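Asker: Starting from the structure of chain A, add chain B where the hints point.
Chains as they are written, first to last, in numbering that gives the first Met the number 0: chain A, 0 to 273; chain B, 0 to 326.
Don't read these hints as lab results, they were simulated from the structure. Here the structure is a predicted model, which is why all the values come from computation and not from measurement. Be a bit skeptical, because a hint or two may be false.
Claimed, not checked - Computed cross-link-like contacts, BS3-like style, restricted to lysine-lysine with a CA-CA straight-line distance of at most 30 Å:
(1) A/Lys128 x B/Lys265
(2) A/Lys128 x B/Lys286
(3) B/Lys265 x B/Lys286
(4) B/Lys265 x A/Lys56
To be verified - Sample of chain A residues with no beta-carbon within 10 Å of chain B, all distances over it, derived:
(5) Val21
(6) Glu37
(7) Glu48
(8) Leu52
(9) Trp59
(10) Glu60
(11) Phe69
(12) Leu72
Unchecked claim - Per label pair, the in silico range of CB-to-CB distance:
(13) A/Thr135 x B/Gly269: 50 to 60 Å
(14) B/Arg316 x A/Arg99: 25 to 35 Å
(15) B/Trp173 x A/Val186: 54 to 64 Å
(16) B/Gly67 x A/Asp219: 41 to 51 Å
(17) A/Thr135 x B/Glu285: 19 to 29 Å
(18) B/Gly67 x A/Gln260: 46 to 56 Å
(19) B/Gly269 x A/Arg99: 53 to 63 Å
(20) A/Asp53 x B/Arg91: 27 to 37 Å
(21) A/Gln40 x B/Leu313: 53 to 63 Å
(22) B/Pro181 x A/Glu48: 34 to 44 Å
(23) B/Pro181 x A/Leu52: 37 to 47 Å
Note that CB positions come from ideal geometry on N, CA and C, so glycine has one too.
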Amino acid sequence: MTTAVRRYPVLVALVIAALFMVVPFLIVAVNAVKSPAEYAQNGPLSLPEGMYLDGLKDFWERVDYGQKLFNSLLISGSVAALAVALSILNAYAIGIGRVRGRTWVLAFFVLANMLPQEALVYPVYYLSKEVGLYDTRLSVIIVFTVIQAAFGTYLLSSVLGQFPREIIEAARIDGAGKWQVLWRIVVPVSRPTLGVLSVFFFIWTWNEFLLPLVMLISNDNQTVSVALGVLQGQRLMDATMTNAAALLGVLPALVFFLAFQRTLTRGIAVGAVK
Amino acid sequence: MTVTVERGRGQGRGRGGRTVTKSRPGRPRPRDSYALFLLPGVLAFLAVIVVPFLMNTGVSFTEWQGVGTPEWSGLANYRELMDDADFWASFRHSLFMVVAMAAVPTAVGLVLAAALFDHIAKHHGSKVVAVLRACFYLPQVLPIAVAGIVWSWILAPENGSLNELLDAVGLGSWQQDWLGDPDLALWSVMGVMVWVQLGFPLVVFMAGLGRVDPQLYEAAELDGAGWWRRFWHITLPQIRPEIHVVLLWCTIAALKVFGAVYVLTKGGPGGATDVPSYFSFTTFFEKTQVGYGAAISTVLTVIILALALIGLGLQTRAEDAEEGLRT
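If we strip away everything but chain A, and leave its shape as in the complex, we get:
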């Protein structure tokens, strides 16, 4: 019984399992380039006879997909930047400043992150109407900046807790103020972790559904997730349209995935190996 014989069954089993994971993506891609007539005739499992891109174009124009992409980029990008900034301010005070009662402050941030959004959604909806922020992208940016920063504070605080203190002490002796130490030393040294955090914040915010669904009702403000989810919920789409929608929804996620794959894996490793 050689290893060559025992080696391959496991590989084959895992490859089959992995195929099962990606088949839905492939089947969507295949059907997004079929014409309605072809789909009606051959069903979902046949290979496409040619590249029919009108379905994608029609869907793009119908939902003004460019605008949705722009909204998603704007919201997720702003949240990533702002939430990282807020996290590092908090974590600087907790991890390096070691403010009094920091354990409680930290616990408070952790709980805030675990809170179900359902317990915030109606008051947030109501309050944003009161202050005139309802149905603005700004409202969603503010809310998610705070929610993501809760997690960021939690993670960064423990990273900064291990920050080499000699560097800070040296800078302080050289006359650097707290603000300078933060900007000139802590931020540059922590840049890798901050990069990982902003990638996570960006993708998490991109994928959010409940709050954007409630807060962004007008077509011009909707994100990709909400626009697709609402269309699907109304069941207004035919099969070709559905596939066009699915493909256009999958593509940005795929791009992020390929672009950030190393960051994502490293991000998980950063925490786990530490």
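Answerer: Leaving out everything else, chain B in the frame of chain A:
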């Protein structure tokens, strides 16, 4: 959702660091002036989380349609919840979601991670591992709305890919209305959620395995331990902290699940896939019974926070025990 694993060990080390600085005489640090840096964060949290959360809890003791003045009704909403069969059904479905989103992905993810790490990496190289891991992780980066679109089309009763596939391989009699049949819909949603969730534990466990000393495996192999014994006696105990975090995190995600239900079934057919978050959403925005919706989300919050506290407590205790064993 993805999360980095936090082991909380850093804090211990950090505390040690402080005693060192503090013990240096003649240099009292003005510690609390750092509190200014917390100001923006604390203010933002008050406005976006604390005040809305307290409002929600307050509203749960009132009758309110969202307009006009809320009318104090004490515990009436909670009493009504106790007798509401739909509410209990939604919580029962939550337990199914915990199985689909936490228990199954953790168990399967463990076996897959161990197989990839211990077997595939050794015999087929790290490139193969990276590609396979990427395939499993892919659904995790997808917005749940998109995953919902993909799956509701695949599971469609007519012309759905799954039914067509069954037909093509001669199992036409197995065709079902996967999402439309009240007896089946919950299981179909669970299947989709396993697909969505699997990549997260897998990637976390693989990262965790990265810090296990390879000599442990080599020694076990020399002693003649087979794959399963190594899995039980080395892999599982070594990445227990990761297992705790993943189980806790996924359970909370399962209790909060909303987008998938909204896109796949809208809680139907006939409430067969309703979950608390979707139930509270419809109560808020479709039935505009804001007080009742607030009571539902308050109960959900209490359960989640209790679970989180218990989970974090258990985790800290396990870690302390571990530290104690080591020293």
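Asker: Hints first: check each against the structure and report whether it holds.
Answerer: Cross-check of the supplied hints:
1. A C-alpha spacing of about 26 Å is found between A/Lys128 and B/Lys265, which places the hinted pair at or below 30 Å, so the restraint holds.
2. Between A/Lys128 and B/Lys286, the direct Cα distance comes to roughly 19 Å. Compliance with the 30 Å bound is thereby established for this hinted pair.
3. At roughly 15 Å between alpha-carbon atoms, B/Lys265 and B/Lys286 fall within 30 Å of each other, so this suggested pair holds.
4. Among the hinted pairs, B/Lys265 with A/Lys56 is consistent with the structure: their alpha-carbon atoms are about 28 Å apart, no more than 30 Å.
5. Under the 10 Å C-beta cut-off, the non-interface status given to A/Val21 relative to chain B is violated; the minimum distance is some 5 Å.
6. Against the 10 Å criterion, A/Glu37 stays outside the reach of chain B, whose nearest CB is about 13 Å from its own CB.
7. Distance check for A/Glu48 against chain B: the nearest CB is about 17 Å away, which clears 10 Å, and the non-interface claim stands.
8. No Cβ of chain B comes within 10 Å of the Cβ of A/Leu52; the nearest lies about 19 Å off, and the non-interface call holds.
9. Residue-level check passed: A/Trp59 sits 15 Å from the nearest beta carbon of chain B, beyond 10 Å.
10. With a cut of 10 Å on Cβ distances, A/Glu60 stays outside the contact zone with chain B, its closest approach being about 18 Å.
11. For A/Phe69, the non-interface assignment is confirmed: its Cβ lies about 16 Å from the closest Cβ of chain B, beyond the 10 Å cut-off.
12. Listed as a non-interface residue, A/Leu72 keeps its Cβ farther than 10 Å from every Cβ of chain B; the least gap is roughly 14 Å.
13. Judged by the Cβ atoms, the range 50 to 60 Å given for A/Thr135 and B/Gly269 is violated: they are separated by roughly 37 Å.
14. Taken as a hint, the range 25 to 35 Å holds for the pair B/Arg316 and A/Arg99, whose Cβ atoms sit roughly 26 Å apart.
15. In this structure the hint that B/Trp173 and A/Val186 lie 54 to 64 Å apart at CB holds, the actual value being about 58 Å.
16. In this structure, B/Gly67 and A/Asp219 break the distance hint of 41 to 51 Å, their C-beta atoms being roughly 31 Å apart.
17. A beta carbon spacing of about 23 Å between A/Thr135 and B/Glu285 agrees with the range 19 to 29 Å that was offered as a hint.
18. For B/Gly67 and A/Gln260, the Cβ-Cβ distance of about 52 Å falls inside the hinted range of 46 to 56 Å, so the restraint holds.
19. Here the CB-CB span from B/Gly269 to A/Arg99 is close to 55 Å, well matched to the stated 53 to 63 Å.
20. Checking the proposed 27 to 37 Å range against A/Asp53 and B/Arg91 shows it is violated: the Cβ atoms sit about 46 Å from each other.
21. Distance hint check for A/Gln40 and B/Leu313: the Cβ-Cβ separation is about 58 Å, which falls inside the suggested range of 53 to 63 Å.
22. For the pair B/Pro181 and A/Glu48, the beta carbons lie near 39 Å from each other, so the given range of 34 to 44 Å is met.
23. For the pair B/Pro181 and A/Leu52, the beta carbons lie near 39 Å from each other, so the given range of 37 to 47 Å is met.
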